[in-house]
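Asks: Throw the hints in and build the complete structure from the sequences for me.
As a plain string of letters, each chain reads:
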Amino acid sequence: MALLTLNSLKKSFVTPTGERRMIVDIPHFSLDQGEQKALRGESGSGKTTFLHLIAGILSADAGSILIDNHDMATLAESKRDRLRAESLGYIFQTFNLLQGYTCLENVLLGMTFGAGTDKKRAIEVLERVGLGHRLHHYPRQISTGQQQRVAVARAIANRPKLILADEPTGNLDPINSHESLTLIRETCTETKAALLLVSHDPTVLSGFNQVKDFSDLNQAVKEHIK
Amino acid sequence: MNLFSIVLRNLRQHLLSTVITALSIALAGGLLMSIWVIKQQSQETFTRVNIGFDAVLGARGSKLQLVLNSIFHLEASPGNLNQADYDYIRHHPTVRRAIPIAVGDNLKGFRIVGTLPQLFTDIEYTPHHTFTLLEGQLFDPSKKEAVVGKFVAEQLHIKVGDTFHPFHGLAYDPRNQHPETYRVTGILDDSNTPADKVIWIPLNGLQTMGGHDPKAANDISAVLIQLRSPTSGFILDLMYNKQGNRLTFAWPIGAIVADLFSKISWFDKVLTLIAYLVALVSAAGVLVAIYNSMAARGRDIAILRALGAHRRTILGTIVLEAATIGALGMFASFFVHFAIMATVGTIIRNQTGVLLNVMSYQAVMLWAPFTMISLCALGGLVPALKAYRADIASNLAPIS
Numbered sequence: 001m002a003l004l005t006l007n008s009l010k011k012s013f014v015t016p017t018g019e020r021r022m023i024v025d026i027p028h029f030s031l032d033q034g035e036q037k038a039l040r041g042e043s044g045s046g047k048t049t050f051l052h053l054i055a056g057i058l059s060a061d062a063g064s065i066l067i068d069n070h071d072m073a074t075l076a077e078s079k080r081d082r083l084r085a086e087s088l089g090y091i092f093q094t095f096n097l098l099q100g101y102t103c104l105e106n107v108l109l110g111m112t113f114g115a116g117t118d119k120k121r122a123i124e125v126l127e128r129v130g131l132g133h134r135l136h137h138y139p140r141q142i143s144t145g146q147q148q149r150v151a152v153a154r155a156i157a158n159r160p161k162l163i164l165a166d167e168p169t170g171n172l173d174p175i176n177s178h179e180s181l182t183l184i185r186e187t188c189t190e191t192k193a194a195l196l197l198v199s200h201d202p203t204v205l206s207g208f209n210q211v212k213d214f215s216d217l218n219q220a221v222k223e224h225i226k
Numbered sequence: 001m002n003l004f005s006i007v008l009r010n011l012r013q014h015l016l017s018t019v020i021t022a023l024s025i026a027l028a029g030g031l032l033m034s035i036w037v038i039k040q041q042s043q044e045t046f047t048r049v050n051i052g053f054d055a056v057l058g059a060r061g062s063k064l065q066l067v068l069n070s071i072f073h074l075e076a077s078p079g080n081l082n083q084a085d086y087d088y089i090r091h092h093p094t095v096r097r098a099i100p101i102a103v104g105d106n107l108k109g110f111r112i113v114g115t116l117p118q119l120f121t122d123i124e125y126t127p128h129h130t131f132t133l134l135e136g137q138l139f140d141p142s143k144k145e146a147v148v149g150k151f152v153a154e155q156l157h158i159k160v161g162d163t164f165h166p167f168h169g170l171a172y173d174p175r176n177q178h179p180e181t182y183r184v185t186g187i188l189d190d191s192n193t194p195a196d197k198v199i200w201i202p203l204n205g206l207q208t209m210g211g212h213d214p215k216a217a218n219d220i221s222a223v224l225i226q227l228r229s230p231t232s233g234f235i236l237d238l239m240y241n242k243q244g245n246r247l248t249f250a251w252p253i254g255a256i257v258a259d260l261f262s263k264i265s266w267f268d269k270v271l272t273l274i275a276y277l278v279a280l281v282s283a284a285g286v287l288v289a290i291y292n293s294m295a296a297r298g299r300d301i302a303i304l305r306a307l308g309a310h311r312r313t314i315l316g317t318i319v320l321e322a323a324t325i326g327a328l329g330m331f332a333s334f335f336v337h338f339a340i341m342a343t344v345g346t347i348i349r350n351q352t353g354v355l356l357n358v359m360s361y362q363a364v365m366l367w368a369p370f371t372m373i374s375l376c377a378l379g380g381l382v383p384a385l386k387a388y389r390a391d392i393a394s395n396l397a398p399i400s
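Sequence order for the protein chains is A and B.
Quick note on the numbering used here: the first sequence kicks off at 1 and runs consecutively.
Quick note on the numbering used here: the second sequence kicks off at 1 and runs consecutively.
Incorrect hints may appear among the rest.
With a cut-off of at most 30 Å between alpha-carbon atoms, the simulated DSS-like pairs for lysine-lysine come out as follows [claimed, not checked]:
(1) B/Lys386 x B/Lys39
(2) B/Lys159 x A/Lys79
(3) A/Lys10 x B/Lys386
(4) B/Lys108 x B/Lys215
(5) A/Lys10 x A/Lys161
None of these hints come from the bench; they were simulated from the model.
Replies: Shown next, in the form of structure tokens:
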């Protein structure tokens, strides 16, 4: 059963020269509950914009984004915020941890705007990602790989139905990259969350059974290539 | 994690800026409250100071000068009255008690005032309180003896049994020493009135001090008067001030002092204006402190938004942060206020003998924090609106 269904999704931006440029033009895309799918795409191909549209961070020009029967594309901004907080987990390339918050506080913050904070659960997920001994450390006090694990813990803490991962291993060395990817996939499986990962890294993509080229999906990229 | 704990973490993250901004608010708030309380307290206290008398009779001149000279022991005496004037007023049917005083000498700058022992035995300087002796006894009106206010005794290290030579004039000049020797027989307990700053000797002693004009040996500087009824004042006012032209009847004392305050009211208006400006600048400081950190916060705000925080939550967080800085500052402002009040209270006590109630509650202690916190919240609204309008996607770079 589809958790995420996109139809005729369009997003354009006005360039500095005043020209309107189509960035995302996807006729159809879907992701089933618990499914793990990877999209291959080069830098600047609109992958992040695509994920931002799904997360409701950006509003679409046209089309529909059905997440668990809620159309992210037509919801008011405050309802998009709510849906994002409750149903989505987002893992960024640069982790986007708040530097003034400890590992535990970062995870708690991730839960704040959704179902609400649950300290026991936050500690549980940090222990799950191997950071039970770093609960009260600040991001600057832990390694890059550990920071990414905090980001993973924050993304899964709310038990979201969908995890979006944008180049999640882009800032990690090969060993940490492999560990991190394994962790993301394992935790998604454990929490029965669907995973949509975008990357340009063949090593990352090789671990997925389902890999699609973003350029095949996104008509706007085809237009640019033409 | 609620809104307030997010605010506290933001404040912790920008600790130096938080502390400096809160300190500036503490100083502004403390200053504002102090100016207000000093103004209120001094007006209230000084207009109440009459050491138990309703009026003062003295030589023709300014009523204010008469009151300042005879009640507050400040200013020069406007002149003398003769014995007949004193005898007339003390036997007047509208007068309950009349105590004469004579001034003109000092001991190292502290005034020596001649009077009758009845001032200490019969007069309640404030309801239900007569002057009491901390040690020793009252002077014998026929001897060269003195009773010293506690403040003077402390300042000049005077003990019962000590002797001193008075100095001529109200200002201390070592060359003007009188040959007479006075012995201290008692130390008055604190009355928190100007009487604490005086060395009291028998009236006759001051009148006949060597070097004083022998022709004025029966003259007095002023008569402190208790009236039989409040309406008596009108009769004497008419008699001395409107029909007579030789003497001045200063009544009621409180109104005359209040008149002084109204004459210098422009001064406290200026002080209040300065305090308001300082408060405004401090609130602007909150605006600037938060606004300047907005560039660094852009990413944090975008992360919060990406985690599901509404725009209005972000707006509320920043406004609450500004209000919290204001609240922290205003909390600290009470310490600043009481420090200023203690200092000013000591200065006023040293200068006038009058003790201000520095710990007294005034409405300003309620409205100043409320206004200041509101001003800070208002200041926070500017960066909050900037945060409200911030674009999440562009602050979550890099984009792949």
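Asks: Now, for every hint given, state plainly whether the structure supports it.
Replies: Evaluation of the provided hints:
1. Using a Cα cut-off of 30 Å, the hinted pair B/Lys386 and B/Lys39 is violated, with the two alpha carbons roughly 41 Å apart.
2. A C-alpha spacing of about 83 Å is found between B/Lys159 and A/Lys79, which places the hinted pair above 30 Å, so the restraint is violated.
3. Using a Cα cut-off of 30 Å, the hinted pair A/Lys10 and B/Lys386 holds, with the two alpha carbons roughly 28 Å apart.
4. The suggested pairing of B/Lys108 with B/Lys215 holds, with an alpha-carbon distance near 27 Å, which does not exceed 30 Å.
5. Using a Cα cut-off of 30 Å, the hinted pair A/Lys10 and A/Lys161 holds, with the two alpha carbons roughly 24 Å apart.
Checked against the numbered hints given earlier, this structure breaks hints 1 and 2; the rest are met.
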